[in-house]
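Q: Taken in order, the sequence shown gives residues 1 to 252; the numbers are from our numbering.
It is worth saying that the hints were derived from the structure and are not from the lab.
Label pairs and their in silico Cβ distance ranges:
#1 Pro133 - Asp192: 16 to 26 Å
#2 Asp214 - Glu4: 33 to 43 Å
#3 Ser221 - Asp7: 34 to 44 Å
#4 Ser73 - Pro248: 40 to 50 Å
#5 Leu21 - Leu93: 15 to 25 Å
#6 Gly55 - Glu177: 38 to 48 Å
#7 Asp168 - Val191: 32 to 42 Å
#8 Ser73 - Arg224: 33 to 43 Å
#9 Ala53 - Pro137: 43 to 53 Å
#10 Gln185 - Arg224: 17 to 27 Å
#11 Glu188 - Arg162: 37 to 47 Å
For lysine to aspartate or glutamate, the following EDC-like pairs were computed, each having C-alpha atoms within a straight-line distance of at most 16 Å:
#12 Lys68 - Asp7
#13 Lys68 - Glu4
#14 Lys68 - Asp168
#15 Lys68 - Asp12
Quick reminder that beta carbons are idealized off the backbone N, C-alpha and C, glycines included.
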Amino acid sequence: MMSETVDLDGVDIAYRSFTPLGHANSDSAPVMLVHGMGGDSTTWDRFTRALTAQGRRVITVDLRGHGKSAHTSTYEFDSFGADLLALIDHLGLNQVDLVGHSLGGYAVSLVAQRRPELVRRLVLEELPIPIRPGDAPPTLTGKMPSITELWHAASSVVLHPRAVLAFDRSMTATALEQFRRPNPQWWESLVDIAAPTLVLRGGPGGMVDPERLDAMVSEISTCRVEAFRTGHSIHRDGYSAFEATVLPFLTH
Numbered sequence: 001m002m003s004e005t006v007d008l009d010g011v012d013i014a015y016r017s018f019t020p021l022g023h024a025n026s027d028s029a030p031v032m033l034v035h036g037m038g039g040d041s042t043t044w045d046r047f048t049r050a051l052t053a054q055g056r057r058v059i060t061v062d063l064r065g066h067g068k069s070a071h072t073s074t075y076e077f078d079s080f081g082a083d084l085l086a087l088i089d090h091l092g093l094n095q096v097d098l099v100g101h102s103l104g105g106y107a108v109s110l111v112a113q114r115r116p117e118l119v120r121r122l123v124l125e126e127l128p129i130p131i132r133p134g135d136a137p138p139t140l141t142g143k144m145p146s147i148t149e150l151w152h153a154a155s156s157v158v159l160h161p162r163a164v165l166a167f168d169r170s171m172t173a174t175a176l177e178q179f180r181r182p183n184p185q186w187w188e189s190l191v192d193i194a195a196p197t198l199v200l201r202g203g204p205g206g207m208v209d210p211e212r213l214d215a216m217v218s219e220i221s222t223c224r225v226e227a228f229r230t231g232h233s234i235h236r237d238g239y240s241a242f243e244a245t246v247l248p249f250l251t252h
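Between the sequences and the hints, there should be enough to build the whole structure, so can you do that?
A: Set out below in structure tokens:
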């Protein structure tokens, strides 16, 4: 395992790279795992072990304002996707599998939209799907999370206190405002996603709006949805089912 922090367009982004022994020259595309709001790259440790056991190189990222990455003056959602693209280019990757949870799901969807040739497989876990022009603004009731749930989405205080302490809580207000704001450009760019896409939705406590989910799936050329009984953090709270679904998709 190698851990490094790199300056990407003035923002320090931390990542870890795991290369399985005996597979240093593997031709397989690496898998990049991206956590949700309030988490950090350690949320993927268990799945990383499963992937490396299959001979896959894995890269786990701390998004800006999380983990060991820098706190910044802006947390526009698009900036998270731009950071991932900059890291992919920094690493010289020609192709990558992307797995993103919650906010990380939005970030990897941007990469797949903007540089479709880079993405071999795409996994979107409990993506809070942006609202469309004309949709009623969501409220923080029912399907939408509370402020606390937003920044604890990918981690828990007990299991991952470092992630909670490192999280820049100043982004919370910006995130909530963006969740309420229509995002027509994201919707218009869904048709640009070329990678086979797997969408994971949780049960009670999940953040996926079913109507917007149907609309999103209809715009992606190759896309399937898998439902789980867990809440928002499937890979944490329903790990066995998560691995059984995602690992074959990525190793196919």
